[in-house]
Amino acid sequence: MQIFSTFEHSIYLELVITAIEEMGIRSENILAVPLINRMQERKLLDTLHRADGISLFDKAAGFEFV
Amino acid sequence: MNNYNNDNTARRYKAHVSLYSTTQLHLRNPYINAWWSAAFPGCGHLLLSKYLRGYSFFFWEIIVNNMSHLNLAIVYSFTGNFQMAREVLEPRVLLLYLPVYIFAIWDSYRTTVDLNKIFILAERENASFNSYAIGSVGINYLDKRSPLMAVLWSIFTPGLGQLYIHRGLTAALMLIFSIIFVYYSNALIAVHFLFLGEIKQATASLNPQWFLFIPSYFSFAVYDAYVNTVENNKLFESEQRKFLQQNYQQSPFKIPDLTR
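In the order they appear, the protein sequences are chains A and B.
According to full-length UniProt numbering, the first sequence holds residues 1 to 66 in order.
According to full-length UniProt numbering, the second sequence holds residues 1 to 260 in order.
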């Protein structure tokens, strides 16, 4: 039997993996493949996952007190 | 106790998680950092986690600005009272302000450019770094945290957003100066009068010399907490990605063909 699943990166992911290891599945039988966006476009707004000092938030924060 | 002992085999490390703070390199816009140094000397360096320089410029700004009454002169000149501005400035220290102010801006710009290059190299090298610390004074670890909560707490009290992400050295500075700025500027007394509808009394109760520190200091605390929460999250992802690749990609891994 095989189980496929996708996860966001978080501590929960490691909780899941160690839980199935405790159920007796050996680590050689677990494959984890990080999904990486190879091409990322410049965006106007930062998200949880990225901030580059160029987005609107940086300028807005800079002008906030002017 | 750390989960990784630095054996100095890597040329550059991109982060270090210690009991006192999480320090990391990431890409930054040099103009934005230069701008924060212009807003409040020291802040551009605090963003870069260059705490000694950041603290020095921060204290320097407060001492020399207060001795020269620069903030007061800014308020007078912005309201058209140029004669008053001229009278209130203290010539004994005023010119001391200029070189250090401009140096802080210039230096945070050039350091940002340098650290961006070093970050790119460290990211390519992708060396293991300490990502967990436990000891007698506490625990620090990488985790996903919400940038929105970092912003909200920083708005309530500058420094709380930094505490949330365990950015200890900036948190201490922000929290201590929350008290000092609020106390000497009478900002909360003004808020009190505003609630009572006494706008004139609110304005009159403010101490402009101290109050003018607050806008840039406050926006900086929000910005620093937000950006570093996002970057800490990215660091967590990158560290976890490396961990998964090293531990859960045993070769050869075969996925049996279930269609047969």
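Hints are computed from structural coordinates only; laboratory data are not their basis.
Built from N, CA and C at the ideal position, the CB exists for glycine as well.
Misleading hints may appear alongside valid ones.
[Unchecked claim] Derived lysine to any residue pairs resembling SDA-like cross-links, with alpha carbons at most 25 Å apart: (1) B:Lys200 / B:Tyr13; (2) B:Lys144 / A:Met1; (3) B:Lys242 / A:Gln2; (4) B:Lys117 / B:Gly135; (5) B:Lys144 / A:Leu15; (6) B:Lys234 / A:Gly24; (7) B:Lys50 / B:Thr79; (8) B:Lys234 / A:Leu15; (9) B:Lys144 / A:Gly24; (10) B:Lys254 / A:Arg26; (11) B:Lys242 / A:Arg26; (12) B:Lys200 / A:His9; (13) B:Lys50 / B:Glu237; (14) B:Lys234 / B:Ala85; (15) B:Lys254 / A:Ala32; (16) B:Lys144 / B:Ala38; (17) B:Lys242 / B:Asp257; (18) B:Lys234 / A:Arg26; (19) B:Lys242 / A:Leu13; (20) B:Lys144 / A:Val16; (21) B:Lys254 / A:Gly24; (22) B:Lys242 / B:Ala38; (23) B:Lys242 / B:Phe119; (24) B:Lys234 / A:Glu22; (25) B:Lys144 / B:Lys254; (26) B:Lys117 / A:Asn29; (27) B:Lys50 / A:Gln2; (28) B:Lys144 / A:Gln2; (29) B:Lys234 / A:Gln2; (30) B:Lys234 / B:Val182.
[Said to hold, decoys possible] Residues on chain B that point at chain A, a partial pick, calculated with CB under 7 Å: (31) Lys117; (32) Phe119; (33) Leu121; (34) Glu237; (35) Gln240; (36) Arg241; (37) Gln250; (38) Phe253.
Each hint, compared with the structure:
1. Note on Lys200 (chain B) and Tyr13 (chain B): the hinted pairing is violated, with a Cα-Cα distance of about 55 Å set against a maximum of 25 Å.
2. The suggested pairing of Lys144 (chain B) with Met1 (chain A) is violated, with an alpha-carbon distance near 32 Å, which exceeds 25 Å.
3. Simply put, Lys242 (chain B) and Gln2 (chain A) have alpha-carbon atoms about 24 Å apart, close enough for the 25 Å limit, and the pair holds.
4. The suggested pairing of Lys117 (chain B) with Gly135 (chain B) is violated, with an alpha-carbon distance near 33 Å, which exceeds 25 Å.
5. Simply put, Lys144 (chain B) and Leu15 (chain A) have alpha-carbon atoms about 14 Å apart, close enough for the 25 Å limit, and the pair holds.
6. Under the criterion of a C-alpha separation no larger than 25 Å, the hint pairing Lys234 (chain B) with Gly24 (chain A) is inconsistent with the structure, at around 32 Å.
7. A hinted pair counts as satisfied when its Cα atoms are at most 25 Å apart, and Lys50 (chain B) with Thr79 (chain B) does not qualify at roughly 36 Å.
8. Note on Lys234 (chain B) and Leu15 (chain A): the hinted pairing holds, with a Cα-Cα distance of about 19 Å set against a maximum of 25 Å.
9. Between Lys144 (chain B) and Gly24 (chain A), the direct Cα distance comes to roughly 28 Å. Violation of the 25 Å bound is thereby established for this hinted pair.
10. For the proposed pair Lys254 (chain B) and Arg26 (chain A), the alpha carbon gap of about 14 Å is at most 25 Å, so the pair holds.
11. Distance restraint check for Lys242 (chain B) and Arg26 (chain A): the Cα-Cα separation of roughly 19 Å lies within the 25 Å cut-off, and the hinted pair is therefore satisfied.
12. This hinted pair does not check out: Lys200 (chain B) and His9 (chain A) have alpha carbons roughly 53 Å apart, beyond 25 Å.
13. The suggested pairing of Lys50 (chain B) with Glu237 (chain B) holds, with an alpha-carbon distance near 24 Å, which does not exceed 25 Å.
14. With a C-alpha separation of about 47 Å, the suggested pairing of Lys234 (chain B) with Ala85 (chain B) is violated against the 25 Å cut-off.
15. A C-alpha spacing of about 13 Å is found between Lys254 (chain B) and Ala32 (chain A), which places the hinted pair at or below 25 Å, so the restraint holds.
16. A C-alpha spacing of about 31 Å is found between Lys144 (chain B) and Ala38 (chain B), which places the hinted pair above 25 Å, so the restraint is violated.
17. Between Lys242 (chain B) and Asp257 (chain B) the alpha-carbon distance is near 28 Å, which puts this suggested pair outside the 25 Å criterion.
18. Note on Lys234 (chain B) and Arg26 (chain A): the hinted pairing is violated, with a Cα-Cα distance of about 29 Å set against a maximum of 25 Å.
19. This hinted pair checks out: Lys242 (chain B) and Leu13 (chain A) have alpha carbons roughly 14 Å apart, not beyond 25 Å.
20. In summary, the hint linking Lys144 (chain B) to Val16 (chain A) is supported, as the alpha carbons are separated by about 16 Å, within the 25 Å threshold.
21. Note on Lys254 (chain B) and Gly24 (chain A): the hinted pairing holds, with a Cα-Cα distance of about 19 Å set against a maximum of 25 Å.
22. Our distance criterion of 25 Å between C-alpha atoms is broken by Lys242 (chain B) and Ala38 (chain B), whose separation comes to about 38 Å.
23. This hinted pair checks out: Lys242 (chain B) and Phe119 (chain B) have alpha carbons roughly 17 Å apart, not beyond 25 Å.
24. Under the criterion of a C-alpha separation no larger than 25 Å, the hint pairing Lys234 (chain B) with Glu22 (chain A) is inconsistent with the structure, at around 29 Å.
25. Among the hinted pairs, Lys144 (chain B) with Lys254 (chain B) is inconsistent with the structure: their alpha-carbon atoms are about 32 Å apart, more than 25 Å.
26. At roughly 39 Å between alpha-carbon atoms, Lys117 (chain B) and Asn29 (chain A) are farther apart than 25 Å, so this suggested pair is violated.
27. At roughly 49 Å between alpha-carbon atoms, Lys50 (chain B) and Gln2 (chain A) are farther apart than 25 Å, so this suggested pair is violated.
28. Distance check on the hinted pair: Lys144 (chain B) and Gln2 (chain A) sit about 29 Å apart at the alpha-carbon level, beyond 25 Å; violated.
29. Between Lys234 (chain B) and Gln2 (chain A), the direct Cα distance comes to roughly 30 Å. Violation of the 25 Å bound is thereby established for this hinted pair.
30. Taking the CA atoms of Lys234 (chain B) and Val182 (chain B), the gap is near 34 Å; set against the 25 Å cutoff, the hint is violated.
31. Of the supplied interface hints, the one on Lys117 (chain B) is violated, with its beta-carbon coming no nearer than about 15 Å to a beta-carbon of chain A, more than 7 Å.
32. A distance limit of 7 Å between C-beta atoms decides the matter here; for Phe119 (chain B) the minimum to chain A is near 12 Å, and the interface restraint is violated.
33. Because the smallest distance between the Cβ of Leu121 (chain B) and any Cβ of chain A comes to about 18 Å, over 7 Å, the interface hint for this residue is violated.
34. Annotation: interface hint on Glu237 (chain B) holds; nearest CB of chain A at approximately 4 Å, less than 7 Å.
35. Residue-level restraint check for Gln240 (chain B) holds (minimum Cβ-Cβ distance to chain A is 5 Å; threshold 7 Å).
36. Residue-level restraint check for Arg241 (chain B) holds (minimum Cβ-Cβ distance to chain A is 4 Å; threshold 7 Å).
37. Using the Cβ-Cβ criterion of 7 Å, the hint placing Gln250 (chain B) at the interface with chain A is satisfied: the shortest such distance is roughly 5 Å.
38. For Phe253 (chain B), the interface hint holds, since its Cβ comes within 7 Å of a Cβ in chain A; the closest pair sits about 5 Å apart.
Checked against the numbered hints above, the structure violates hints 1, 2, 4, 6, 7, 9, 12, 14, 16, 17, 18, 22, 24, 25, 26, 27, 28, 29, 30, 31, 32 and 33; every other hint is satisfied.
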